[in-house]
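S.K.: Sequence:
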Amino acid sequence: MPLTRHVALRALSTVTHHGGVGARQEIARHNPTLVRLIQELPDDPKVIELATVTMAHASGAVLGSDQPPDPDLLKDIDMRSALKVTIENLCKPTASHYMISHAFGS
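FYI, the numbering for the sequence shown is 56 to 161, going by the working numbering.
Source of the hints: derived by calculation from the structure; they are not laboratory data.
There's no promise every hint is true.
[Stated by the list, open to error] Using C-beta positions, here's what the derived DEER-type ranges look like: (1) Thr149 x Ser120: 31 to 37 Å; (2) Asp98 x Tyr153: 17 to 23 Å; (3) Gly77 x Phe159: 21 to 27 Å; (4) Pro100 x Leu129: 28 to 34 Å; (5) Gln122 x Leu58: 36 to 42 Å; (6) Leu138 x His73: 20 to 26 Å; (7) Leu58 x Ser151: 14 to 20 Å.
Backbone N, C-alpha and C fix where the C-beta goes; we use that ideal spot for every residue, glycine too.
With the hints as constraints, model all of the structure from the sequences given.
M.R.: This is how it looks when you write it as structure tokens:
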């Protein structure tokens, strides 16, 4: 159901905006699920936007420290796939300013 999907992604986005580092790191472990969701719904710009923003904030909690990231956590978040799907979707005419600014780490 698209409506509940959008609500769930909005909730994840909110937690990654306002949650603590631990919560954001745990959400980052689900990057592969968010990537798959984007791939399964390539014509839903809201899913793409919210999943991208969620991955940006969650992944930042893993990568944005002065300390090297935990190798197991780094493997779990699958940054290669997250970056690939993000770059692919930045080229779409439906890419929102909100998504683009988060994709570039702003």
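S.K.: Next step is simple, just say for each hint if it's right about the structure.
M.R.: We went through each hint and held it up to the structure:
1. For Thr149 and Ser120, the Cβ-Cβ distance of about 33 Å falls inside the hinted range of 31 to 37 Å, so the restraint holds.
2. Taking 17 to 23 Å as the suggested C-beta distance range, the pair Asp98 and Tyr153 conforms, at roughly 18 Å.
3. Between Gly77 and Phe159 the Cβ separation comes to about 25 Å, which falls inside the hinted range of 21 to 27 Å.
4. At about 29 Å, the beta-carbon gap between Pro100 and Leu129 stays in the expected band of 28 to 34 Å.
5. In this structure, Gln122 and Leu58 meet the distance hint of 36 to 42 Å, their C-beta atoms being roughly 40 Å apart.
6. Under the hint 20 to 26 Å, the C-beta atoms of Leu138 and His73, about 24 Å apart, fit the expected range.
7. Our hint of 14 to 20 Å for Leu58 and Ser151 holds, since their Cβ atoms are close to 19 Å apart.
Hint compliance for this structure: no hint is broken.
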